[in-house]
Amino acid sequence: MFDFIYQPWPWYVSGPLIALVMFLLLFTGKNFGMSSNLRTMCSIGGAGKFSDFFKFDWKNQVWNLIVVVGAIMGGFFASQFLSADTTVDINQQTVASLESMGFANPGDAYVPEEIFGWDAIKSFKGLMILIIGGLLIGFGTRYAGGCTSGHAISGLSNLQVPSLIAVIGFFIGGLIMTFFIIPLIF
Amino acid sequence: MKYFKFIAIGFVFGIIMYKSQAVSWFRIYEMFRFESFHMYGIIGSAVILGIGMVQLIKRKKLKNIHGEEIQFTPKMKSVPRYLIGGLIFGLGWALAGACPGPLYVLLGTGTWSILIVLAAAILGTFLYGVLRDKLPH
Chain A
1 MFDFIYQPWP
11 WYVSGPLIAL
21 VMFLLLFTGK
31 NFGMSSNLRT
41 MCSIGGAGKF
51 SDFFKFDWKN
61 QVWNLIVVVG
71 AIMGGFFASQ
81 FLSADTTVDI
91 NQQTVASLES
101 MGFANPGDAY
111 VPEEIFGWDA
121 IKSFKGLMIL
131 IIGGLLIGFG
141 TRYAGGCTSG
151 HAISGLSNLQ
161 VPSLIAVIGF
171 FIGGLIMTFF
181 IIPLIF
Chain B
1 MKYFKFIAIG
11 FVFGIIMYKS
21 QAVSWFRIYE
31 MFRFESFHMY
41 GIIGSAVILG
51 IGMVQLIKRK
61 KLKNIHGEEI
71 QFTPKMKSVP
81 RYLIGGLIFG
91 LGWALAGACP
101 GPLYVLLGTG
111 TWSILIVLAA
121 AILGTFLYGV
131 LRDKLPH
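In order, the protein sequence lines correspond to chains A and B.
Counting from 1, one number per residue, gives the positions in the first sequence under this note's numbering.
Counting from 1, one number per residue, gives the positions in the second sequence under this note's numbering.
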């Protein structure tokens, strides 16, 4: 009867559970926002010497780093003990589009080898994809004041107009990347 | 022990994110191509439930475990900041197929190359901190 746990969870299970996580954090006196950790890590690393933006008492943010430790453990536990296999059942049209760009067996692994595999990161192009992707994520999320958790989930739940503008921005950027830049890269 | 609850919340979050496949590059690519309802269903149902719960908290003036009323700090009013910053983030989200939370979840799954993305994301945040006075907000 627990078989469903080992299958990928449908959206109507996952979405409400994410709302629950947001509420657990609100009830502990905190907020759901994962990108703040990046700023905290800069601050711990001494970035306050270069910008006042990183001069704050990061000890108040330790709880958020602890959440991150839990998230790493959760990812480990779910992938090791709660999953029958690692396939991702994406739409056949998505598969076809990836195959046309040279991706082998899209969706057979949890993430594409062509981006995250050793062969990919040993090449200059592959390394640049990960580095540029990370730079855009880190720069953009702090510029926008939040990421998917802080704006799309927390902010929209509180009907904040700034978060709606940010989410529109997320989608403009995501669509440009998906339809114009990724086809150029691969 | 006061941190145990945060480990537990993070742990649950990590499991949900992995099992929902929201941390899979393929799901993000599929979402931006509008070829599946999956990601929209996850975010949409979280937000719809979230709106109801936030309204409940505000109307009933619910308190957190420290006995304080739960507060929501409004975000600063601006358009360029959210639109430009959001657009830059969106480019990275679609390229790396992960936003900040999933970076950590993927690390737990043993996708070691995500460490490169994470290190670059920390550097990106640092660059924002250094350049922020020169950017439109």
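Watch out, some of these pointers could steer you wrong.
To be verified - Partner residues aside, some chain B positions facing chain A, computed with beta carbon under 8 Å: (1) Ile9; (2) Phe26; (3) Gly41; (4) Lys77; (5) Gly85; (6) Ile116.
Claimed, not checked - Dumping the calculated SDA-like pairs for lysine to any residue here, alpha-carbon to alpha-carbon at most 20 Å: (7) B:Lys60 / A:Ile72; (8) B:Lys2 / B:Lys60; (9) A:Lys30 / B:Leu83; (10) B:Lys58 / A:Leu159; (11) B:Lys5 / A:Asn158; (12) A:Lys30 / B:Tyr40; (13) B:Lys2 / A:Leu24; (14) B:Lys60 / A:Lys59; (15) A:Lys59 / A:Ile44.
Calculated directly from the structure, the hints in this document are not laboratory data.
Cβ coordinates follow ideal geometry from the N, Cα and C atoms, glycine included.
Tested hints:
no.: 1; hint: Ile9; verdict: 5 Å, holds
no.: 2; hint: Phe26; verdict: 5 Å, holds
no.: 3; hint: Gly41; verdict: 3 Å, holds
no.: 4; hint: Lys77; verdict: 7 Å, holds
no.: 5; hint: Gly85; verdict: 3 Å, holds
no.: 6; hint: Ile116; verdict: 4 Å, holds
no.: 7; hint: B:Lys60 / A:Ile72; verdict: 35 Å, violated
no.: 8; hint: B:Lys2 / B:Lys60; verdict: 27 Å, violated
no.: 9; hint: A:Lys30 / B:Leu83; verdict: 26 Å, violated
no.: 10; hint: B:Lys58 / A:Leu159; verdict: 13 Å, holds
no.: 11; hint: B:Lys5 / A:Asn158; verdict: 24 Å, violated
no.: 12; hint: A:Lys30 / B:Tyr40; verdict: 26 Å, violated
no.: 13; hint: B:Lys2 / A:Leu24; verdict: 14 Å, holds
no.: 14; hint: B:Lys60 / A:Lys59; verdict: 32 Å, violated
no.: 15; hint: A:Lys59 / A:Ile44; verdict: 9 Å, holds
Against the hints set out earlier in the document, violations occur for numbers 7, 8, 9, 11, 12, 14.
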